[in-house]
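Engineer: This is what each chain is made of:
2 protein chains.
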Amino acid sequence: MLTKNQIKLIHSLKQKKYRISHKMFVVEGVKVVGEFLNSKYELLEIFSYDKIYKKYDSNFTEVSSKELSKISNFTTANKVLAIFKIPSSLPVDWTGLVLVLDSINDPGNLGAIIRLCDWFGIDDLVCNETTVDCYNSKVVQSSMGSHTRVNISYLKLESVLAGFKPCYGAFMEGNSVYEQNLPEKGVIILGNEANGISKEIKALVDTRLSIPRFGVNKKTESLNVANAAAIILSEFKRSSTEK
Amino acid sequence: MLTKNQIKLIHSLKQKKYRISHKMFVVEGVKVVGEFLNSKYELLEIFSYDKIYKKYDSNFTEVSSKELSKISNFTTANKVLAIFKIPSSLPVDWTGLVLVLDSINDPGNLGAIIRLCDWFGIDDLVCNETTVDCYNSKVVQSSMGSHTRVNISYLKLESVLAGFKPCYGAFMEGNSVYEQNLPEKGVIILGNEANGISKEIKALVDTRLSIPRFGVNKKTESLNVANAAAIILSEFKRSSTEK
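Chains R and A, in that order, give the protein sequences. Numbered by the numbering used here, the letters in the first sequence go through residues 5 to 247 in order. Numbered by the numbering used here, the letters in the second sequence go through residues 5 to 247 in order.
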């Protein structure tokens, strides 16, 4: 049985300010909840009608499927919903390849980028504070559990990047990413969906990278930022395997 | 002023069966409507409160912003909504590089893939009939107008692909896409988000391609299909520029 307070808490976690003040976030669905359960994330509460989750003992609340629908962010609730503790970020390992996001707005894009970091073995993802919150439920669901294997930090980019080399940025006009000698270590910056990398951060980039366009009339305005991330990370990793 | 029949028609076009029977689809927003207006697509009706669209004469219906919200698929309607005619697909040019989709379900993924075809100059996108309809409004909006530069056909894959060479498919396990000699011409098949390429189509693939995973523990289950498309198309085009 759900208590009124539990319902109230879960609904409040849709808002960033409550996620921050409570240091909690919501995860849903068997697969994604499973990824978080098998990670270092601390489970606070778990709600399901499936008795398999009874092993979580005092953290477990048995709910009816009707109750689950009430607290779910999904149109069709998927068996289980859990609340985990938001951990502190670990210090960024700047000696590796670090992906930096400057004001990514769309939760689906951030989720896809976290999944890409996981795939390409990028341990650190650094976002500025105007990038969408990585514990937003759409981000959590679209990252498919990759949060558990990528260290995500929200930092003031101007200060951490000042003087950092090599510092690559993705631009509409720049050096073809296919023709660059890409290093195994460094920083890659991706900018906002509509406006790209901001003026302040642009000034810190040494090498502007772009993905060549092949269409005959070349009218396509831009690639989606997660697709651009996919291609650029693939190029960095491919070229490091060829060395 | 909107008539009841117009409202009824626009709402009916949310469903594939009515789009097919009427041969019509809906486009929204200044940017995307603009792309379709500047293309070979035939405009049937256009609704806006902005008098700039008055030049479309008998096709134009002036509506209040309140009326526009009523017919919009968006949470916040964006100035203009138009109905265009669904054209017949052109014959597929099998002598080029053709992207083939086997049961892609998610409209956002299909939209992103159409945009990628446009970017990479892939003229033909061939889908099987269980792939989501490309005139679904979410597909139209997420492709950002790239529909106007990519010929999309829905065909029975088993018959059109039988005996076709070279025929590449994207798999979780296969030859590294970085280490293949990729041709300028041929077919690339991407499969369903959850199940990959179906058994029948698998049998037609000569070369299985995969995108190497770089994470240390390699637990990431898969890449999003649009991101996989981005990387694979990028590799085909990159390797053709190097020849």
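Please note that a few of the clues may not be correct.
Because identical chains share one entry, a pair is satisfied inside a single copy or across any pair of copies.
[As the list claims (entries may be wrong)] Computed cross-link-like contacts, DSS-like style, restricted to lysine-lysine with a CA-CA straight-line distance of at most 30 Å:
1. 18 / 74
2. 20 / 142
3. 35 / 206
4. 70 / 206
5. 89 / 206
6. 58 / 206
7. 44 / 12
8. 20 / 189
9. 203 / 8
10. 203 / 35
Don't read these hints as lab results, they were simulated from the structure.
Engineer: Go through the copies and call it for residue 58 and residue 206: within, between, both or neither, with a Cα cutoff of 30 Å.
Structural biologist: neither (52 Å within a copy, 41 Å between copies)
Engineer: Within a copy, between copies, both or neither: which one fits residue 203 and residue 35 at a CA-CA cutoff of 30 Å?
Structural biologist: between (40 Å within a copy, 25 Å between copies)
Engineer: If the cut is 30 Å between Cα atoms, do residue 18 and residue 74 qualify within a copy, between copies, both or neither?
Structural biologist: Answer is both: 14 Å inside a copy and 27 Å across each meet the 30 Å cutoff.
Engineer: Is the C-alpha distance from residue 35 to residue 206 at most 30 Å within one copy, between copies, in both cases, or in neither?
Structural biologist: between (39 Å within a copy, 26 Å between copies)
Engineer: Measure nothing new, just compare the shortest in-copy and cross-copy C-alpha distances for residue 20 and residue 142 to 30 Å and report within, between, both or neither.
Structural biologist: Answer is both: 12 Å inside a copy and 27 Å across each meet the 30 Å cutoff.
Engineer: Is it within a copy, between copies, both, or neither that the alpha carbon of residue 89 lies no farther than 30 Å from that of residue 206?
Structural biologist: This pair counts as neither: shortest intra-copy Cα distance 35 Å, inter-copy 43 Å.
Engineer: I want to check one pair: residue 20 and residue 189. Are their C-alpha atoms no more than 30 Å apart within a copy, between two copies, both, or neither?
Structural biologist: neither (33 Å within a copy, 49 Å between copies)
Engineer: Using 30 Å as the alpha-carbon threshold, which applies to residue 203 and residue 8: within, between, both, or neither?
Structural biologist: neither (47 Å within a copy, 49 Å between copies)
Engineer: Reference check for the pair residue 70 and residue 206, CA-CA at most 30 Å: within, between, both, or neither?
Structural biologist: The answer is neither: 50 Å in one copy and 41 Å across copies each exceed 30 Å.
Engineer: Checking an output row: residue 44 and residue 12, CA cutoff 30 Å. Within, between, both or neither?
Structural biologist: For residue 44 and residue 12, the Cα distance is within 30 Å only inside one copy (26 Å; across copies 52 Å).
Of the numbered hints stated above, those contradicted by the structure are hints 4, 5, 6, 8, 9, listed in ascending order.
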